[in-house]
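Trainee: Please arrange chain C on chain S, whose structure you already have, making use of the hints.
Going down the list, the sequences are from chains S and C.
Taking this note's numbering, the leading residue of the first sequence gets 1, the next gets one more, and so forth.
Taking this note's numbering, the leading residue of the second sequence gets 1, the next gets one more, and so forth.
Hints were generated in silico from the structure; no laboratory data involved.
Where is the CB? At the ideal position from N, CA and C, for every residue including glycine.
Among the hints, a few may not be true.
Stated by the list, open to error - According to the in silico footprint, chain S covers these stretches of chain C (three or more CB under 8 Å from chain S):
1. 42-49
2. 65-73
3. 252-258
4. 309-321
5. 347-354
6. 386-397
To be verified - Residues of chain S placed beyond 12 Å of chain C at every Cβ, according to the derived structure:
7. Val39
8. Glu43
9. Pro66
10. Ala196
11. Glu214
12. Arg219
13. Glu255
14. Lys261
15. Arg306
16. Tyr341
17. Glu350
There are 2 protein chains.
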Amino acid sequence: MFSIRTKAPGSYARTGTLRLAHGTVETPAFVPLATKAVVKTLEVREAAELGFDMVLGNTFHLFLNPGHELIGRLGGLHRFQRWDRPIITDSGGFQVFSMGHGTVADEIKGRAAQFVGERAGAILSIEEEGVRFRSYLDGATKFMGPETSMEVQAALGSDIALVFDECTPFHADRDYTARSTERTHRWLDRCLAWHAQHGPAGQAVYGIVQGGVEEDLRRASAQEVAARDVGGIAIGGTLGENKAQMFEVVEWTVEELPEAKPRHLLGIGEVDDLVRGVELGIDTFDCAMPTRIGRHGMALIPDPERRWRVDLAKARWREVDEPILDGCPCPACAHGYSRAYVHYLLKAREQTAMRLLTIHNLAFLSRLMAELRAAIDEGRLPAAAAAVRAGAAPWHLNAET
Amino acid sequence: MFSIRTKAPGSYARTGTLRLAHGTVETPAFVPLATKAVVKTLEVREAAELGFDMVLGNTFHLFLNPGHELIGRLGGLHRFQRWDRPIITDSGGFQVFSMGHGTVADEIKGRAAQFVGERAGAILSIEEEGVRFRSYLDGATKFMGPETSMEVQAALGSDIALVFDECTPFHADRDYTARSTERTHRWLDRCLAWHAQHGPAGQAVYGIVQGGVEEDLRRASAQEVAARDVGGIAIGGTLGENKAQMFEVVEWTVEELPEAKPRHLLGIGEVDDLVRGVELGIDTFDCAMPTRIGRHGMALIPDPERRWRVDLAKARWREVDEPILDGCPCPACAHGYSRAYVHYLLKAREQTAMRLLTIHNLAFLSRLMAELRAAIDEGRLPAAAAAVRAGAAPWHLNAET
Numbered sequence: 001m002f003s004i005r006t007k008a009p010g011s012y013a014r015t016g017t018l019r020l021a022h023g024t025v026e027t028p029a030f031v032p033l034a035t036k037a038v039v040k041t042l043e044v045r046e047a048a049e050l051g052f053d054m055v056l057g058n059t060f061h062l063f064l065n066p067g068h069e070l071i072g073r074l075g076g077l078h079r080f081q082r083w084d085r086p087i088i089t090d091s092g093g094f095q096v097f098s099m100g101h102g103t104v105a106d107e108i109k110g111r112a113a114q115f116v117g118e119r120a121g122a123i124l125s126i127e128e129e130g131v132r133f134r135s136y137l138d139g140a141t142k143f144m145g146p147e148t149s150m151e152v153q154a155a156l157g158s159d160i161a162l163v164f165d166e167c168t169p170f171h172a173d174r175d176y177t178a179r180s181t182e183r184t185h186r187w188l189d190r191c192l193a194w195h196a197q198h199g200p201a202g203q204a205v206y207g208i209v210q211g212g213v214e215e216d217l218r219r220a221s222a223q224e225v226a227a228r229d230v231g232g233i234a235i236g237g238t239l240g241e242n243k244a245q246m247f248e249v250v251e252w253t254v255e256e257l258p259e260a261k262p263r264h265l266l267g268i269g270e271v272d273d274l275v276r277g278v279e280l281g282i283d284t285f286d287c288a289m290p291t292r293i294g295r296h297g298m299a300l301i302p303d304p305e306r307r308w309r310v311d312l313a314k315a316r317w318r319e320v321d322e323p324i325l326d327g328c329p330c331p332a333c334a335h336g337y338s339r340a341y342v343h344y345l346l347k348a349r350e351q352t353a354m355r356l357l358t359i360h361n362l363a364f365l366s367r368l369m370a371e372l373r374a375a376i377d378e379g380r381l382p383a384a385a386a387a388v389r390a391g392a393a394p395w396h397l398n399a400e401t
Numbered sequence: 001m002f003s004i005r006t007k008a009p010g011s012y013a014r015t016g017t018l019r020l021a022h023g024t025v026e027t028p029a030f031v032p033l034a035t036k037a038v039v040k041t042l043e044v045r046e047a048a049e050l051g052f053d054m055v056l057g058n059t060f061h062l063f064l065n066p067g068h069e070l071i072g073r074l075g076g077l078h079r080f081q082r083w084d085r086p087i088i089t090d091s092g093g094f095q096v097f098s099m100g101h102g103t104v105a106d107e108i109k110g111r112a113a114q115f116v117g118e119r120a121g122a123i124l125s126i127e128e129e130g131v132r133f134r135s136y137l138d139g140a141t142k143f144m145g146p147e148t149s150m151e152v153q154a155a156l157g158s159d160i161a162l163v164f165d166e167c168t169p170f171h172a173d174r175d176y177t178a179r180s181t182e183r184t185h186r187w188l189d190r191c192l193a194w195h196a197q198h199g200p201a202g203q204a205v206y207g208i209v210q211g212g213v214e215e216d217l218r219r220a221s222a223q224e225v226a227a228r229d230v231g232g233i234a235i236g237g238t239l240g241e242n243k244a245q246m247f248e249v250v251e252w253t254v255e256e257l258p259e260a261k262p263r264h265l266l267g268i269g270e271v272d273d274l275v276r277g278v279e280l281g282i283d284t285f286d287c288a289m290p291t292r293i294g295r296h297g298m299a300l301i302p303d304p305e306r307r308w309r310v311d312l313a314k315a316r317w318r319e320v321d322e323p324i325l326d327g328c329p330c331p332a333c334a335h336g337y338s339r340a341y342v343h344y345l346l347k348a349r350e351q352t353a354m355r356l357l358t359i360h361n362l363a364f365l366s367r368l369m370a371e372l373r374a375a376i377d378e379g380r381l382p383a384a385a386a387a388v389r390a391g392a393a394p395w396h397l398n399a400e401t
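So that you can see chain S by itself, here it is in the shape it has in the complex:
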């Protein structure tokens, strides 16, 4: 299902092709979120127009609403959201445990902000069998364990299912992390056993490496997952308190993984993180960042000093008749909307602003990944990576390297 095309010399980086039930994914690739069966503010099909081969759906959210049975009766997630290309579904582990670990979830890869307003949910118990929790939608008691997660993903019919894991937070001590990681391995076996009996034909299953920030636990977890018959391997859990530690954890993990299996880095997608992840041999990434910051008025720009973003809701853009990003070939910039106009739409709370910024941000990452793939294939990844880090626009990478 995964073939490697080019390996970058002196690096873990590689280009390849994932062959999945609904088509192929050129890697390394960013995977936009279609968490709740929609890429927020867009139609899912527009992800393809923006250059993406695959989107990510979420088991936890779709389990609660509208329910996997309903989506199953309506022909599965592809048909429900009218997207006939690959879908990867997150297992729900991260979301379930985010509720339980409370505000500590904020530490986990900065993803907890998506739960604002959903704090009504809470974990009632975590046991070997699974997790009992209260739905953030209606307060109903719900249960999710490894088999539930796989059953939901089977009904959704995703191309890649992720196994159910406990996403241990950064604050957990070594002892808790070790016990939790062992349970995640037992859950991995239960997921694979359920899938072997009931999983839909053609659905790949990725195991998830945990182990927190402890080197021996991470390496052991990577070995455990790699020893199973999994279609690919995802790297999850807390990745540390800063980017240096995050990529140390990723490197420990990658060193233990077989070259031939595709690797997914969960929840990571800042511009510099994508470059570093590619250098460390990650094949696919997902992250709420481009779509979420777009809904908050921010546009991605090639500016490392400003974390690659500009906040168009700020008053300083009120009269600035410049495009969102000069020279950007994305559909929003190509049509010439000014920063002043986008600023105005944001202040007037017109949803078109969020849509334009989502389009721009996704197109930015799509182009970045395409250029990194080309750079690997053409043997010039180091120069391309250096250019991104120095603030080159994605569409200038080929010219500058």
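Mentor: Structure of chain C alone, referenced to chain S:
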């Protein structure tokens, strides 16, 4: 600027072409609202993809935010919203007086619902000079009179400016309506005088007929407006308490109007009203209905029994795997989204649902008007009108008539 192509025998209906500064408009035509410099949930440019030649901007809203000076400095409304086709701007009269007449505005053509949440604004005084009111945005005292309205519309640079009028409510007595209508005529002269001196080259000015539901006042107002050197004539104000009265008022008015000038019916756009308006010789219409009901979960369908609409937010659509409207060629229906999916998106408060329904509803009206134009040109308007009233889909009108 206006040429009539075909006159329907035994009817006031006609097809024609409006030649404006930024292009032509084939009439009779529906004009979608871009009230606040955006077609809500879409980009303005998408109106063209949906078959529209012109959009309507709003003087009152753009005066308050972001301000006509700012839009003027940024090159005018066309450039601000990146739309290089015709724009008609409403004068702000309706909006200003809606605040003053309070809930009575609800009676005026059902348009007042768009002011939900904006009731903080209020009229402070109505005098010969104009109207002083409190901004719904920040409580600041603002003034708008005939010259202000024309100045704003000059800065916006619309193709068609509407003169500033008092939109008298249905509850106003004959005496108030008579005095108000006379003032509207004096304001018309002031608007034309200002425009003659300061108006941008190529901007047409439409006068507005008032007179409430009093036949003599309406006819007199129509004659007064027609006697001026206006580019076209709009019909405004209360049109009565039901559709029969509304079209009686429209017919009195049209009988007094010169054939050669284009006629705009303000704020009317229900499917049956468009058909009747066309029969009465109306050339252009604007209405919040298709975009507003779309944002509230409703889709236009060819069903007179249900006021041509279906509410997809209702639970009965939860599992219905049928398109929004079977056979509809619009971009939302053509892509096959099911009612179940749109229902789910609405309940999940995903803005994509509002966008899909806005697209569908605008496409429905665009096609309806195109088919009515074809029917007039081909001498079969009576059959086409009867078919619409019997529940024929717009794209079946040519086949069925």
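Trainee: Under 8 Å between beta-carbons, do enough residues of the segment 252-258 of chain C, three at least, approach chain S for the coverage claim to hold?
Mentor: violated (count 0)
Trainee: So is Pro66(S) really clear of chain C, every C-beta pair being over 12 Å apart?
Mentor: violated (5 Å)
Trainee: Confirm or reject: Tyr341(S) is not an interface residue toward chain C, with every Cβ-Cβ distance exceeding 12 Å.
Mentor: Answer for Tyr341(S): violated, closest chain C Cβ roughly 6 Å.
Trainee: Does the claim that Arg219(S) lies off the interface hold, with its Cβ farther than 12 Å from every Cβ of chain C?
Mentor: holds (41 Å)
Trainee: Does Glu43(S) really sit off the interface, with its C-beta more than 12 Å from all C-beta atoms of chain C?
Mentor: violated (6 Å)
Trainee: Compute the least Cβ-Cβ separation between Ala196(S) and chain C, then decide whether it is above 12 Å.
Mentor: holds (31 Å)
Trainee: Take a quick look at Arg306(S) and tell me if its Cβ sits farther than 12 Å from every Cβ on chain C, holds or violated.
Mentor: holds (24 Å)
Trainee: Under 8 Å between beta-carbons, do enough residues of the segment 347-354 of chain C, three at least, approach chain S for the coverage claim to hold?
Mentor: holds (count 6)
Trainee: Beyond 12 Å from every chain C Cβ: check whether that's true for Glu350(S).
Mentor: violated (5 Å)
Trainee: Against chain C, does Glu214(S) keep a CB gap of more than 12 Å to every residue?
Mentor: Given a closest Cβ separation of 39 Å, the condition holds.
Trainee: For Val39(S), is the shortest beta carbon distance to chain C beyond 12 Å?
Mentor: violated (8 Å)
Trainee: Report holds if the minimum CB distance from Glu255(S) to chain C is greater than 12 Å, and violated otherwise.
Mentor: Nearest chain C Cβ is 41 Å from Glu255(S), so the label holds.
Of the numbered hints listed earlier, those contradicted by the structure are 3, 6, 7, 8, 9, 16, 17.
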